[in-house]
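Start from the sequences, fold in the hints, and give me the full structure.
Protein chains in written order, with the numbering used here: chain A, 1 to 134; chain B, 1 to 134; chain C, 1 to 134; chain D, 1 to 134; chain E, 1 to 134; chain F, 1 to 134.
Honestly, the hints are just simulated from the structure, not real lab data. Just so you know, not all the hints are guaranteed correct.
Where chains are identical, the list cannot tell them apart; a pair therefore holds if satisfied intra-copy or between any two copies.
Pairs of lysine-lysine, DSSO-like flavour, derived with a Cα cap of 27 Å [claimed, not checked]:
(1) 110 with 71
(2) 71 with 2
(3) 2 with 106
(4) 70 with 106
(5) 110 with 70
(6) 110 with 63
(7) 106 with 71
(8) 110 with 2
(9) 2 with 70
Protein chains: 6
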Amino acid sequence: MKVTRRETFNAAHRLHNPSLSDTENTEIFGLCNNPNYHGHNYVLEVWVEGEINPITGYVIDLKILSDIIKKEVSDPFDHRNLNLDCVEFENLNPTAENIAVVIWNKLRAKLDSEFGLEIRLWETERNAVFYDGN
Amino acid sequence: MKVTRRETFNAAHRLHNPSLSDTENTEIFGLCNNPNYHGHNYVLEVWVEGEINPITGYVIDLKILSDIIKKEVSDPFDHRNLNLDCVEFENLNPTAENIAVVIWNKLRAKLDSEFGLEIRLWETERNAVFYDGN
Amino acid sequence: MKVTRRETFNAAHRLHNPSLSDTENTEIFGLCNNPNYHGHNYVLEVWVEGEINPITGYVIDLKILSDIIKKEVSDPFDHRNLNLDCVEFENLNPTAENIAVVIWNKLRAKLDSEFGLEIRLWETERNAVFYDGN
Amino acid sequence: MKVTRRETFNAAHRLHNPSLSDTENTEIFGLCNNPNYHGHNYVLEVWVEGEINPITGYVIDLKILSDIIKKEVSDPFDHRNLNLDCVEFENLNPTAENIAVVIWNKLRAKLDSEFGLEIRLWETERNAVFYDGN
Amino acid sequence: MKVTRRETFNAAHRLHNPSLSDTENTEIFGLCNNPNYHGHNYVLEVWVEGEINPITGYVIDLKILSDIIKKEVSDPFDHRNLNLDCVEFENLNPTAENIAVVIWNKLRAKLDSEFGLEIRLWETERNAVFYDGN
Amino acid sequence: MKVTRRETFNAAHRLHNPSLSDTENTEIFGLCNNPNYHGHNYVLEVWVEGEINPITGYVIDLKILSDIIKKEVSDPFDHRNLNLDCVEFENLNPTAENIAVVIWNKLRAKLDSEFGLEIRLWETERNAVFYDGN
Chain A
1 MKVTRRETFN AAHRLHNPSL SDTENTEIFG LCNNPNYHGH NYVLEVWVEG
51 EINPITGYVI DLKILSDIIK KEVSDPFDHR NLNLDCVEFE NLNPTAENIA
101 VVIWNKLRAK LDSEFGLEIR LWETERNAVF YDGN
Chain B
1 MKVTRRETFN AAHRLHNPSL SDTENTEIFG LCNNPNYHGH NYVLEVWVEG
51 EINPITGYVI DLKILSDIIK KEVSDPFDHR NLNLDCVEFE NLNPTAENIA
101 VVIWNKLRAK LDSEFGLEIR LWETERNAVF YDGN
Chain C
1 MKVTRRETFN AAHRLHNPSL SDTENTEIFG LCNNPNYHGH NYVLEVWVEG
51 EINPITGYVI DLKILSDIIK KEVSDPFDHR NLNLDCVEFE NLNPTAENIA
101 VVIWNKLRAK LDSEFGLEIR LWETERNAVF YDGN
Chain D
1 MKVTRRETFN AAHRLHNPSL SDTENTEIFG LCNNPNYHGH NYVLEVWVEG
51 EINPITGYVI DLKILSDIIK KEVSDPFDHR NLNLDCVEFE NLNPTAENIA
101 VVIWNKLRAK LDSEFGLEIR LWETERNAVF YDGN
Chain E
1 MKVTRRETFN AAHRLHNPSL SDTENTEIFG LCNNPNYHGH NYVLEVWVEG
51 EINPITGYVI DLKILSDIIK KEVSDPFDHR NLNLDCVEFE NLNPTAENIA
101 VVIWNKLRAK LDSEFGLEIR LWETERNAVF YDGN
Chain F
1 MKVTRRETFN AAHRLHNPSL SDTENTEIFG LCNNPNYHGH NYVLEVWVEG
51 EINPITGYVI DLKILSDIIK KEVSDPFDHR NLNLDCVEFE NLNPTAENIA
101 VVIWNKLRAK LDSEFGLEIR LWETERNAVF YDGN
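Here it is as structure tokens:
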């Protein structure tokens, strides 16, 4: 049994690898390399796997899950510039893949080890990533 | 190969565990414990796994699957009060998790054993559960 | 220029006119007349018309609009039984049309008269109403 | 008769009025005032009103409309920082309202005067603006 | 006050004007002129304007509206080839605009004259038309 | 880690098995057997599984994936009649299941063997299939 909570956050970012030349960065990342940043409405689905608690009928109280997401993801990332404002991406290119790994690690640390964890992160209505820690 | 049929039903419910005190019920279930009920537009995705039938090109005729869902889920649950009108929840707290288990069991009993079965049930546009019998 | 804020609330209701007989109520309202109620995830779009304020670049701060909707609509209606818990529907059949009129009147009273007001209320993904006070 | 084309663009922006103090900017714009910018997936609906051309059966060829939107809106705004990269917002706070006016003016200049023009611009799945030139 | 019912139908069609040459048809309609047809999932929103009936609380019973749409639109158009199977398009190019006019006329004839009528027809998730009889 | 790209194509098709009688075809496929075809807006999600490339932060550049989908799926299938225009379905009934297998095989041949591949294909907003090669 898995349950999910869907949350959103809006952030600026720029794809850039400082160990590559400017030409290489432009070649690989195209418009996403714009030095002045661009941005997205990120849509995050957090799926938690576990047994149904016979007292509550819940796998996990989604209000509690929502609060964890708020504290770990929305508060630090919403209305921020991922490259400039978020220490997690100081040395990490904020591709959707890397953002998903960062979010998964932050949530994993706050969830009981009994729970499984998967996330889906939509960067646009056409592009998304899925990560379950493997 | 999996195929899905998406259906909806609209129902009232209330989260409540009669073995807990009123205070505990309020503490755990908050607004969802409202004694006069609230309600949702439930969105159900039923995924059936199997081989493609070489005669039809179908895993299962989705019209047949839709009819099964109608008979087992929509007819008994749509425009009902899950707590009061549905015998399945007479002694079972109608959380999304428990509703999913009930639906899965009802559909499993009507599908050939050759088929796999998974369901996704969205209670709101932010909350959902997934269940595959495990 | 119009701006909108989209909010949701989840409520139970029953369509019933006490001045009609039970047979007439069943005939007119069908399953919606279920005495034990059913429910919906209501989706509300509140459109406010006005001039752009040259200082802020806003017609109205959508955070302020959201707070008004929260206080006037979400807090009193979310996770409620419209028939039993909401004084507005004590003597008013909670059809989508009547809910829209009630919401429009409540919001109209809290908005400056300089603003125009329109609402769209979706009861299901197939049924909706529009009301602008006329 | 009106026809629409829906397009998207992803941009960074910051809400800021240089004639206000930093304190006032923070007070009015909150997180949207973040000096390092944030961003959105903007969804644009362009509605063109006119008569059906009896030869083509079209009000306007939506491929042509799409090309105009691409040249006037998507190419200059997509994957940009509206404040830093777009001359239109050099002295204009890029609120959704002001972005809508800018887009409407740019498209109006490229459409035959026989056509009416309305736009809807969604900044998030909860916030939008409508503008028809009045 | 306006109320809406949303319905869908899936049809094949081809854009072609027999009074034009093949070259002109290709030039104007491009891929939509494919002689073997292509197809769409059409999404139809029918908006009916009127007063709230004080007995029912309805502008119009949406079940009745749904039945009218089924009989006038879904039954004749769903799973059809608009050009070959539907007499309405024998001499009319089935652009979204012309389909909307045909649907509006068919529904107008079945609705009491007291009601206003508007339709929105989405041909794809990017293209739509609006028609209110003018 | 999996990444996805969502694309759409609009096509006509007819479900028909030439080795069955007309009566059997009608019985099995119903309206989908209409000899003049009907059509759909197909929505395709292509999920690619792999490791994050430490240089780019990508599993696969979604622009490259989009180009592969365009060449292998959208260009040959969009605005076509699957039965008449697409050699892949000359002897294969174009059910959603079979279309998914065809698309998976075409994409599999163009992707490095290091990548996993899954697709989801929505034929309507209610019907979909999932295929991962097994």
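Hints, one by one, checked against the model:
no.: 1; hint: 110 with 71; verdict: within (10 Å within a copy, 32 Å between copies)
no.: 2; hint: 71 with 2; verdict: both (22 Å within a copy, 26 Å between copies)
no.: 3; hint: 2 with 106; verdict: both (19 Å within a copy, 19 Å between copies)
no.: 4; hint: 70 with 106; verdict: within (11 Å within a copy, 31 Å between copies)
no.: 5; hint: 110 with 70; verdict: within (12 Å within a copy, 30 Å between copies)
no.: 6; hint: 110 with 63; verdict: within (14 Å within a copy, 30 Å between copies)
no.: 7; hint: 106 with 71; verdict: within (10 Å within a copy, 34 Å between copies)
no.: 8; hint: 110 with 2; verdict: both (17 Å within a copy, 23 Å between copies)
no.: 9; hint: 2 with 70; verdict: both (20 Å within a copy, 24 Å between copies)
The structure is consistent with each of the numbered hints, conforming to all of them.
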